[in-house]
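Participant: This is what each chain is made of:
Protein chains: 2
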Amino acid sequence: MTAASRQMKLGAFLWATGHHIAAWRHPKAHVMAGVDIDHYIQLARTAEAAKFDMVFCEDAAGLREANVGIASQTSRSIGFEPISLLSALAVQTSRIGLVSTASTSYNEPYGLARTFLSLDHLSGGRAGWNLVTSASPIEAANFGSTGLKPHADRYERAREFAEVVTGLWHGGASGHDGQSFSVRDPLDLPRSPQGAPVMVQAGASDVGRDLAARTADVVFTAAQTFEEAKAFYDDLKGRMAAYGREPDDIKIMPGVAPVVAETEAEAREKHEELQELIPDDVGVALLSSYLSISDLWRYPIDGPLPELPESEGMKSRQALVVEQSRRDGLSIRQLARHFAGARGHWRIVGTAAQVADELQARFEGGAADGFNVMPSWFPGELDAFATLVVPELQRRGLFRRDYEGRTLRDHLGLKRPA
Amino acid sequence: MTAASRQMKLGAFLWATGHHIAAWRHPKAHVMAGVDIDHYIQLARTAEAAKFDMVFCEDAAGLREANVGIASQTSRSIGFEPISLLSALAVQTSRIGLVSTASTSYNEPYGLARTFLSLDHLSGGRAGWNLVTSASPIEAANFGSTGLKPHADRYERAREFAEVVTGLWHGGASGHDGQSFSVRDPLDLPRSPQGAPVMVQAGASDVGRDLAARTADVVFTAAQTFEEAKAFYDDLKGRMAAYGREPDDIKIMPGVAPVVAETEAEAREKHEELQELIPDDVGVALLSSYLSISDLWRYPIDGPLPELPESEGMKSRQALVVEQSRRDGLSIRQLARHFAGARGHWRIVGTAAQVADELQARFEGGAADGFNVMPSWFPGELDAFATLVVPELQRRGLFRRDYEGRTLRDHLGLKRPA
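Chains A and B are the protein sequences, given in the same order. Per UniProt numbering, numbering through the first sequence is continuous, rising by one, with the last residue being 418. Per UniProt numbering, numbering through the second sequence is continuous, rising by one, with the last residue being 418.
Don't read these hints as lab results, they were simulated from the structure. Keep in mind that a hint or two might mislead.
You can't tell identical chains apart in this list, so a pair holds if it fits in one copy or across any two.
Claimed, not checked - Calculated pairs, SDA-like style, for lysine to any residue (alpha carbon to alpha carbon, straight line, at most 25 Å):
| # | residue 1 | residue 2 |
| --- | --- | --- |
| 1 | LYS415 | VAL35 |
| 2 | LYS415 | ALA353 |
| 3 | LYS230 | ASP402 |
| 4 | LYS28 | PRO190 |
| 5 | LYS149 | ASP185 |
| 6 | LYS237 | GLY111 |
| 7 | LYS270 | GLN42 |
| 8 | LYS149 | ASN107 |
| 9 | LYS149 | GLY111 |
| 10 | LYS415 | LEU398 |
| 11 | LYS149 | SER182 |
| 12 | LYS270 | ASP328 |
| 13 | LYS230 | PRO193 |
| 14 | LYS28 | ARG327 |
| 15 | LYS51 | ALA319 |
| 16 | LYS415 | GLN354 |
| 17 | LYS415 | ALA242 |
| 18 | LYS149 | LYS230 |
| 19 | LYS415 | ILE293 |
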């Protein structure tokens, strides 16, 4: 693909009532959205009509927040298991990609490879797997009492897990006998309509980046500033040669939380309306969970973030929060509210032209191949992005006006595995 | 429900090209049916239009036959993973129940409980789980090298597994800390629209029957003769009082493989057409697999079945085959062909009236609460059952003319869990 014709990739990150922590308190919020299949069908069809590359679902096999009182005050206290959800969406859509998160810690590779390949066949070659190693001690407690495994061990298991899964998808090497897994037979399914389901990753630690450089087709990431995004982009693409891969073999798609309206004032008003709905205790609890520390509430809420102990949780995410708090001199309350709103992701508030300017700058500046769009509440902010920002990107030649292929790999411009 | 108004329950057992081993060789067979979602949507809609209680999917995470050459010559060498399949069918149907098999040996209870409850919400309360302990060494080899666990160990794990899953579904007792599993939190989903997904079982060994008597809502079984069916029915219902349950709390639904046509001669001709398509090596290989012995091919094909060693596979199934071979004086070839055709299930060949007579006799004779219908090939034999046998059963007042409720538990007349 020539530089002139290079176009950005877009994911629609689905999330019950919306990505904003207070989305469920929005006057138009659909509080039971997490278990309303018609709600999700509507979102997927909106994203497909706007020619998004994919819809994306996160996952965790357990509550997202240890404190049940707090969990009930977030926008994702309940929701469908994502494979069943995406399988339903597969037969209610025809072109858009369907990507789900699944854990290498609480699944077996034969079962996971089979389920995703089944979704791939159901959808005519539109499935993708977002590999996570599951950093939450809440999940660990639902899968035996052994507790959360050390970061390095989780990633060693994940590396072998990914090797087994891709081996099964590529239809060749059955007969894996390794450290954590032993798999004898091929899958009971034909080869994928797109060669193999798309492999997505989001781990941003050093070992996470190496795993992505080796095996990922798409990488989701969180970056507040252009410099952070660019540094991550260059670092990850730079690691790929060691695995015999070309930079364009991975599409890097940072998360973005846009709030868009016809005028800038209207966009700011919409944003403030949601920010004011965040209770302090929920904000601080979410920040605590992100930082994998349990006693943040002990510190003065208008004081600075304390020094953090070394954690076995998500190291890269922790570093990002600390860096921002020091850079902007934010109090715990300010940081909590700021992070709670977009959950650590990049936020853009403005008109379609303003949002498109910012996306274009990162895309053309070599800091992103596309974006994973995280609307603050559904369906309103997805509708706004689809009707305001997408046409603006299309006018600028930065985004497709129609699908050219039928599979997710086609949309993303990825090579078909041999 | 009074005796006069008691009506039979019907399941449509879906199975790629069809239940007959040679279905894929049928002149009208759809060889890629196993990965054609439109094929399955058509079958589910046919079953729903005929007011079946449920569609049912078996499952095994691996090839169904160790010998790949033989496996490729059966009617189920490839196919969708059933949770993804039924999730897709959930949004293409509105009333029929959706029951899938899943293993207690290769899953974790938190993940399985969550997936089935998600399917239950997707479908508005139409999901059921068929618990199996997975007796196949082929599956075991895809989930670590430890091999197939002894029958008693598998059932002990299954008993605890079922306890955790129903606890999670019933929304109460989180905090399980047992022999095999430790689960701390509740599920991240609301209570099921039908109280809890329906629990199905099919194990017919002594320990399997006890587990069913304790926890099952529906029991599938294989019985050739009325006496076998009646003995099983009385035995299982007799075990329920020990667990504080009433006989009607379980619906016992033996498998039945009907071949039906306008005339008896036509039905016989249809049946013979398929029987003649069974190659001897495939028949013997399938029989070997059923008996969990690998060297059946060493014995003279026109001689009797040899004495069988004790096996860790499906004990009850083995006993059934041996009993029939001795009773009817069948050679290995005859037994193989006989069993290959209906896979050990009861076969009825005849007109709608003849098929209805036989079903009615078992239903009214206290040997069945309904039947799991196993058409020899799809869609032809399901269509024939729906258009010929179902209206005949309706005329006799033995089967519903329309759904009265919305959930699977409603259709089956099962109590809603407290």
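Participant: For each hint, tell me whether it holds in the structure or not.
Facilitator: Now the hints, each set against the structure:
no. : hint              : in the structure
1   : LYS415 <-> VAL35  : between (36 Å within a copy, 24 Å between copies)
2   : LYS415 <-> ALA353 : neither (33 Å within a copy, 58 Å between copies)
3   : LYS230 <-> ASP402 : neither (29 Å within a copy, 62 Å between copies)
4   : LYS28 <-> PRO190  : between (45 Å within a copy, 21 Å between copies)
5   : LYS149 <-> ASP185 : between (29 Å within a copy, 19 Å between copies)
6   : LYS237 <-> GLY111 : neither (31 Å within a copy, 35 Å between copies)
7   : LYS270 <-> GLN42  : within (22 Å within a copy, 46 Å between copies)
8   : LYS149 <-> ASN107 : both (15 Å within a copy, 19 Å between copies)
9   : LYS149 <-> GLY111 : both (21 Å within a copy, 19 Å between copies)
10  : LYS415 <-> LEU398 : within (21 Å within a copy, 57 Å between copies)
11  : LYS149 <-> SER182 : both (20 Å within a copy, 16 Å between copies)
12  : LYS270 <-> ASP328 : within (24 Å within a copy, 79 Å between copies)
13  : LYS230 <-> PRO193 : neither (34 Å within a copy, 48 Å between copies)
14  : LYS28 <-> ARG327  : neither (35 Å within a copy, 70 Å between copies)
15  : LYS51 <-> ALA319  : neither (34 Å within a copy, 58 Å between copies)
16  : LYS415 <-> GLN354 : neither (33 Å within a copy, 58 Å between copies)
17  : LYS415 <-> ALA242 : within (18 Å within a copy, 61 Å between copies)
18  : LYS149 <-> LYS230 : neither (31 Å within a copy, 52 Å between copies)
19  : LYS415 <-> ILE293 : neither (41 Å within a copy, 45 Å between copies)
Taken one by one, the earlier hints fail for this structure at numbers 2, 3, 6, 13, 14, 15, 16, 18, 19, listed in ascending order.
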